[in-house]
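Q: Sequence:
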Amino acid sequence: MSVATKNVPDASGRFGEFGRRFVPETLMHALDELGKEYERAKQDPEFRQRLELLLRTYVGRPSPLYFAERLTEHCGGAQIYLKREDLNHTGAHKINNTIGQGLLTLRMGKKRVIAETGAGQHGVATATACARFGLECVVYMGEEDIRRQRLNVFNMRTLGAEVRPVTSGSRTLKDATNEAMRDWMGSVESTHYILGSAVGPHPFPMIVRDFQSVIGSETREQCQERIGRLPDEVIACVGGGSNAAGMFYPFVEDDGVALTGVEAGGLGAEPGQHASPLSYGQPGILHGSYSYVLQDEDGQTQDVHSVSAGLDYPGVGPEHSYWKSTGRVQYTTSSDQDAIETFQTVARLEGILPAVESSHAIAHAMRAAKQRSSEDVIVVCLSGRGDKDVAEVARLTGQEI
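Each residue of the sequence shown is one higher than the one before, starting from 1 at the first, in UniProt numbering.
A portion of the hints provided could be inaccurate.
No farther apart than 30 Å at their CA atoms in a straight line, the calculated lysine-lysine pairs in the BS3-like style are these [stated by the list, open to error]:
| hint | residue 1 | residue 2 |
| --- | --- | --- |
| 1 | K36 | K110 |
| 2 | K42 | K111 |
| 3 | K6 | K42 |
| 4 | K6 | K36 |
| 5 | K111 | K6 |
| 6 | K36 | K111 |
Just so you know, the hints here were simulated from the structure itself, not pulled from any lab data.
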């Protein structure tokens with residue numbers, strides 16, 4: 001087992017054996033163009049200053065690091081802190097990435113943006129960035145996710161985006177991503193695809209991780225200010241893995257900080273009952289990248305299930321597969337029931353409605369805290385707010401709104 005480093009990917013997009021680029025020839029030029037423009041942007045003081053200004057004055061960064069005092073008392077053991085990405089403009093971490101990629105779209109001179117979304121938060125964040133920068137916006141979304149996330153669909157349309165329902169397959173995030181890829185292959189000269197997670201062909205996993213790493217960088221600084229040291233453990237939920245990549249990356253070379261990713265354990269371990277590729281999958285290719293994928297014996301992508309539309313994805317970002325292979329990050333699962341109960345517990349103890357995605361991570365943090373001493377500190381990335389999930393939680397718990 002090798003030691004994980006922050007110096008990935010290489011020029012070919014390799015995170016160890018994972019990552020790279022498996023796409024049709026028609027997309028190679030666009031990916032090369034994006035990679036070169038991103039490298040130029042990183043070196044451009046004007047780009048960095050404009051991004052930092054927008055993150056501060058439009059997104060609302062830095063997001064607070066909050067001590068969950070009553071939740072800590074409820075669990076016993078380690079102190080639990082929440083990194084409040086739910087307090088960002090649009091209510092989730094997704095806006096960090098879409099503002100950055102929106103600025104890249106302007107630099108490339110493209111006028112049209114497409115995106116895919118599951119829980120709708122990335123769709124809302126993309127629609128918001130496009131409204132802010134004056135870009136045409138089309139968002140692909142599975143019919144099942146449209147049913148589960150009606151509020152976010154309304155918000156996207158209000159912000160000026162066109163939401164295109166996807167009726168193929170399981171009508172969820174995987175199928176929406178397929179349709180967005182097809183659109184991009186036919187419109188690549190005029191369109192930028194703002195991928196919402198740290199997945200896809202190089203350079204997308206690197207770009208999304210970099211724009212989201214502001215989460216972990218702020219957490220490092222805030223922990224030094226609040227507790228005078230780094231935390232003992234950092235925990236985040238993992239679907240495609242963007243909030244976790246951004247949270248973990250700045251800590252990768254801090255050996256004293258345990259890193260834990262929490263996948264959607266769904267209803268159980270049988271195929272089709274969960275969305276946990278790192279826990280139950282095998283390496284394979286999905287959406288242009290080599291990473292862990294849930295697939296059958298013939299290599300066909302399996303159906304997945306999660307109570308959370310944002311985690312309902314059969315693959316994961318290649319950097320997470322790299323971290324798993326090096327042993328730097330430990331991956332585990334929380335079930336649907338864990339997430340729903342945690343959603344209710346955090347609401348009643350802390351006055352916070354966490355996204356159901358984030359509730360998976362908090363559920364594991366509550367278990368982990370009980371195994372640690374009161375001197376230990378656990379930080380959980382609260383990746384988004386749960387307003388969007390209340391109708392689904394009410395339906396699943398037999399309540400009326």
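Q: Hint by hint, note whether the structure agrees.
A: Here is how each hint holds up against the structure:
1. K36 to K110: holds, 15 Å
2. K42 to K111: Within the cut-off at roughly 21 Å; holds.
3. K6 to K42: holds, 17 Å
4. K6 to K36: holds, 20 Å
5. K111 to K6: Violated: K111 and K6 sit about 33 Å apart, past 30 Å.
6. K36 to K111: holds, 19 Å
The structure shown violates just one earlier hint, number 5.
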